[in-house]
Amino acid sequence: GAVVSQHPSWVICKSGTSVKIECRSLDFQATTMFWYRQFPKQSLMLMATSNEGSKATYEQGVEKDKFLINHASLTLSTLTVTSAHPEDSSFYICSHRGHINNEQFFGPGTRLTVL
Amino acid sequence: DAKTTQPPSMDCAEGRAANLPCNHSTISGNEYVYWYRQIHSQGPQYIIHGLKNNETNEMASLIITEDRKSSTLILPHATLRDTAVYYCIVGTGANAGKSTFGDGTTLTVKP
Chain R
1 GAVVSQHPSW VICKSGTSVK IECRSLDFQA TTMFWYRQFP KQSLMLMATS NEGSKATYEQ
61 GVEKDKFLIN HASLTLSTLT VTSAHPEDSS FYICSHRGHI NNEQFFGPGT RLTVL
Chain Y
1001 DAKTTQPPSM DCAEGRAANL PCNHSTISGN EYVYWYRQIH SQGPQYIIHG LKNNETNEMA
1061 SLIITEDRKS STLILPHATL RDTAVYYCIV GTGANAGKST FGDGTTLTVK P
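Chains as they are written, first to last, in this note's numbering: chain R, 1 to 115; chain Y, 1001 to 1111.
Since the hints were made in silico from the structure, they are not lab data. Among the hints, a few may not be true.
[As the list claims (entries may be wrong)] No farther apart than 20 Å at their CA atoms in a straight line, the calculated lysine to any residue pairs in the SDA-like style are these:
hint : chain 1 : residue 1 : chain 2 : residue 2
1    : R       : Lys55     : R       : Lys41
2    : Y       : Lys1052   : Y       : Lys1069
3    : Y       : Lys1098   : Y       : Thr1026
4    : Y       : Lys1098   : R       : Phe67
5    : Y       : Lys1003   : R       : Glu59
6    : R       : Lys41     : Y       : Asp1011
7    : R       : Lys41     : Y       : Thr1083
8    : R       : Lys64     : Y       : Lys1098
9    : Y       : Lys1110   : Y       : Pro1007
10   : Y       : Lys1052   : Y       : Tyr1032
[Claimed, not checked] Cβ-to-Cβ under 7 Å is the rule here; a few derived chain R residues that face chain Y:
hint : residue
11   : Phe106
12   : Gly107
13   : Pro108
[Stated by the list, open to error] Computed far set for chain Y versus chain R, every beta-carbon distance over 10 Å:
hint : residue
14   : Lys1003
15   : Asn1023
16   : Asn1054
17   : Arg1068
18   : Asp1082
19   : Thr1092
20   : Asp1103
21   : Thr1108
All C-beta atoms in this analysis are idealised placements derived from N, C-alpha and C, irrespective of residue type, glycine included.
Extracted from the complex, chain R is given alone in its bound form:
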């Protein structure tokens, strides 16, 4: 299956700082990528759909000005958590879907801890 990488795999930051998470599709040109977050012992929650060359589509309740998404190329989408607070601490996961079967290929996730 397709390979998706994320960087960094984990990050610790101080409250009020911004953190950028990169999601790369290593062997696939993804016009659409998806960003999820997962709190401890909970399921994945879709945050937004990242569209190459256009604005991202955010799910209800997700602040677009706080979670900035850029999808500048077919292989890279970035999520920037602006002015991070402890409640933003979570596991952030990106994915894209395959061309033929529409199955999703997920990245390994980025664990964000905001102190």
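Following the hints, put chain Y in place on chain R, whose structure we already have.
This is chain Y only, laid out in the frame that chain R set:
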């Protein structure tokens, strides 16, 4: 997208078959059934999917009932490394990625 219902947890003995059920009674005719699993602190991994026929790949088998209201994921010879949360999701191809992840089934394979 249709909702799914899965048991919260299951145990399985190593080497035995693990049968994970999923109920999707409100599935639409054009919606597929996808299964993923998530090992602790990792991103989810695609396992298998199907529309109405049973499917098999190198990881698992998927049995879908004739009325498509439920399905079963079968891991024929479970190993300790199969311990994970298994998610059953239904959705159309066009909406792949926007389908809702439920709570899944935590499968624990025991020696």
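Each hint tested on the structure:
Distance restraint check for R:Lys55 and R:Lys41: the Cα-Cα separation of roughly 31 Å exceeds the 20 Å cut-off, and the hinted pair is therefore not satisfied. Restraint check for Y:Lys1052 and Y:Lys1069: the C-alpha separation of about 10 Å stays at or below 20 Å, so the hint holds. Distance restraint check for Y:Lys1098 and Y:Thr1026: the Cα-Cα separation of roughly 17 Å lies within the 20 Å cut-off, and the hinted pair is therefore satisfied. The suggested pairing of Y:Lys1098 with R:Phe67 holds, with an alpha-carbon distance near 18 Å, which does not exceed 20 Å.
Restraint check for Y:Lys1003 and R:Glu59: the C-alpha separation of about 18 Å stays at or below 20 Å, so the hint holds. For a cut-off of 20 Å, the pair hint linking R:Lys41 to Y:Asp1011 stands: about 18 Å separates their Cα positions. A threshold of 20 Å between alpha carbons decides the hint, and for R:Lys41 with Y:Thr1083 the separation of about 15 Å falls inside it, so the pair holds. Taken as a hint, the R:Lys64 and Y:Lys1098 pair is honoured in the structure, with Cα atoms around 17 Å apart against an allowance of 20 Å.
At roughly 18 Å between alpha-carbon atoms, Y:Lys1110 and Y:Pro1007 fall within 20 Å of each other, so this suggested pair holds. Between Y:Lys1052 and Y:Tyr1032, the direct Cα distance comes to roughly 8 Å. Compliance with the 20 Å bound is thereby established for this hinted pair. The restraint placing R:Phe106 at the interface with chain Y holds, with a minimum CB-CB distance near 4 Å, inside the 7 Å limit. Here the hint on R:Gly107 is kept, as its CB sits about 5 Å from the closest CB of chain Y, short of 7 Å.
The interface hint given for R:Pro108 holds, since its Cβ lies 5 Å from the closest Cβ of chain Y, which is under the 7 Å cut-off. No Cβ of chain R comes within 10 Å of the Cβ of Y:Lys1003; the nearest lies about 12 Å off, and the non-interface call holds. Every CB of chain R is more than 10 Å from the CB of Y:Asn1023 (nearest about 17 Å), matching its label as outside the interface. Every CB of chain R is more than 10 Å from the CB of Y:Asn1054 (nearest about 16 Å), matching its label as outside the interface.
Non-interface call for Y:Arg1068 relative to chain R: holds, since the shortest CB-CB distance, roughly 18 Å, exceeds 10 Å. For Y:Asp1082, the shortest C-beta to C-beta distance to chain R comes to about 18 Å, beyond the 10 Å cut-off, and the non-interface label holds. Against chain R, the non-interface label of Y:Thr1092 is violated: not every CB pair exceeds 10 Å, the least being about 8 Å. A beta-carbon of chain R comes within 10 Å of the beta-carbon of Y:Asp1103; the shortest separation is about 5 Å.
Interface exclusion of Y:Thr1108 from chain R stands, the closest Cβ pair being 15 Å apart, more than 10 Å.
Consistency with the previously given hints fails for numbers 1, 19 and 20, ordered from lowest to highest.
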